[in-house]
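Trainee: So the chains spell out like this:
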Amino acid sequence: MAKSNKPIVWSLFAAGGTLAALLAPVLVLLFLLAATDHAPGLLSYAQLHAFAAHWLGKLFLLTVIALFLWHAAHRLRVALHDFGLRQDRIVAVIVYLAAAVGTVLSVLYLVRI
Amino acid sequence: MSRRPFVRQVSRTRWYFKHSRYLRYMSREVTCVFIGAFALLLLCAVERLSEGQAAYESFLAAITGPWSILGLSIVLIFAVHNAISWFNVTPKALPVQIGEGFLPGRFIVAAHYAAWILISLAVLFFAGVL
Amino acid sequence: MNERMVQLDVLRYDPQIDDEPHFQRYEVPCKEEWVVLDALNAIKESIDPTLNYRWSCHMAVCGSCGMMINGEPRLSCHAFLRDFEGVIRVEPLANFPIERDLVTVADDFIDKLKRVKPYLIPGETRSIDEGEYIQTPAQLMKYRHFSMCINCMLCYAACPQYALQPLFLGPAAITLAHRYNLDSRDGGRDERQQVIATNEGVWECSFVGACSEVCPKAVDPAGALQQVKVASTLDWFREHLLPGDTK
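Residue numbers (our numbering), protein chains in the order written: chain A, 18 to 130; chain B, 328 to 457; chain C, 265 to 511.
Since the hints were derived computationally from the structure, they do not count as laboratory data.
Be a bit skeptical, because a hint or two may be false.
Claimed, not checked - Straight line, CA to CA, 20 Å or less: simulated SDA-like cross-link-like pairs of lysine to any residue:
#, chain 1, residue 1, chain 2, residue 2
1, B, Lys345, A, Phe100
2, C, Lys406, B, Pro431
3, C, Lys295, C, Leu377
4, A, Lys20, C, Phe501
5, A, Lys75, B, Glu374
6, C, Lys406, B, Gln424
7, C, Lys481, C, His322
8, B, Lys419, B, Ala437
9, B, Lys345, C, Leu384
10, C, Lys295, C, Ala306
11, B, Lys419, C, Gln403
12, A, Lys20, C, Leu431
13, C, Lys381, C, Asp450
14, B, Lys419, A, Trp27
15, C, Lys378, C, Gln458
16, C, Lys481, B, Pro431
17, C, Lys406, C, Leu384
18, B, Lys419, C, Glu296
19, C, Lys406, C, Gln457
20, A, Lys20, C, Leu377
21, B, Lys345, A, Gly101
22, C, Lys406, B, Phe429
23, C, Lys406, C, Asp454
24, C, Lys378, C, Ala306
25, C, Lys378, C, Glu464
26, B, Lys419, C, Ala482
27, A, Lys20, C, Asp454
28, A, Lys75, B, Ser377
29, A, Lys75, B, Ala382
30, C, Lys406, B, Tyr349
31, C, Lys378, A, Ala19
32, B, Lys419, B, Tyr349
When you get a sec, could you build the whole thing from the sequences and use the hints?
Mentor: Given below as structure tokens:
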């Protein structure tokens, strides 16, 4: 059996997982604080636009969105397999395609800001 | 002597109910659904941001609803579950040998928790919350 | 020395008589300090000589007596009766075909073990006159805990991916490949990578971690497999991104 190409998606999964572990809780917290009106100005148009207008802000948002999507895609592929859905090839195409589309879209949206 | 080995069937869809360690594993794996959902939320935010102030502010209004807050809270729980389970297993994948011994796993875990706290505080500070 | 009656529900299977396995209950007087293996021996000696099971050392070093005890993969010589309450359920090791009673067909594991070449493959030929391979304690400690595997197959019984995908090489085989890959005297890593860096090798593993939880020798196969994933990933990038690296 030939050597697998899974390393490419696994490294995205691992990078995304580490980033998600370190960043996702606080980012979700930001949204919760904004949604419950606990911090005036938090995630306001002015604040977020200023952040995303800078190339570092764009890079941050792209990295977070893309890596979270690729992490979730690979893990979902494995989880669906664990839940008994055995059509691994089809599932893989769907989830990775979704992650790829999401990545491309975030680039497109970010360059418009 | 005739051999007739018997193969015991394993349920493809219910195997994880057999032991609590498998249920714990599945709970770890499903965190990805919520991480993915949050990523899509961020994507939406970025998309609305690119369309201008009015579009973005209607997005903000949408996430202030009670269902949204419930959803975000659930996402937060799973995001934290992912973080804790991720940090706990990292030492196994990246052992650090020092001389004849290995760095105890708890140091690597502790370093991750420290980074987690620092990064979280930095983000909160940078966002103007702290 | 205290004795008490212990009840065991043992899964029986006679291929010449039974269509499928069935439980048989035994009640046997046991000493307080006994293990499940002692109870099985007492049953075989005085109640039912037709009961079949594997065992040898009775001290958790040979790996022969693996079986499911109350649904958990255990060495029967390492499962103390005093730790159990009520009727003890004894079944053959999970994820392997049942040969007869508590004896499983271990062929699949043996085949996979052979495929990973679990022996030193010297990098350079070395004559006797050149003397022994020198290995420092630090070099030994790098792989030593992975060498403690007694091939008891408890990890295969615990692994859900092996249960669902019989082609999976499995925890012990990949861990032993890793043990030799880490050995400073070895030069066979490339050969082993052809076997373990495949979809049915390490990439079937999803890090459930059950294997390490049930391992009686603290080998930590789950850790070994993650390390193999990291190493294989670095290999992949080296092979695909660096020009001229044609391994």
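Trainee: Looking at the structure, which of the earlier hints fail to hold?
Mentor: The structure breaks hints 3, 9, 18, 24 and 30; every other hint is satisfied.
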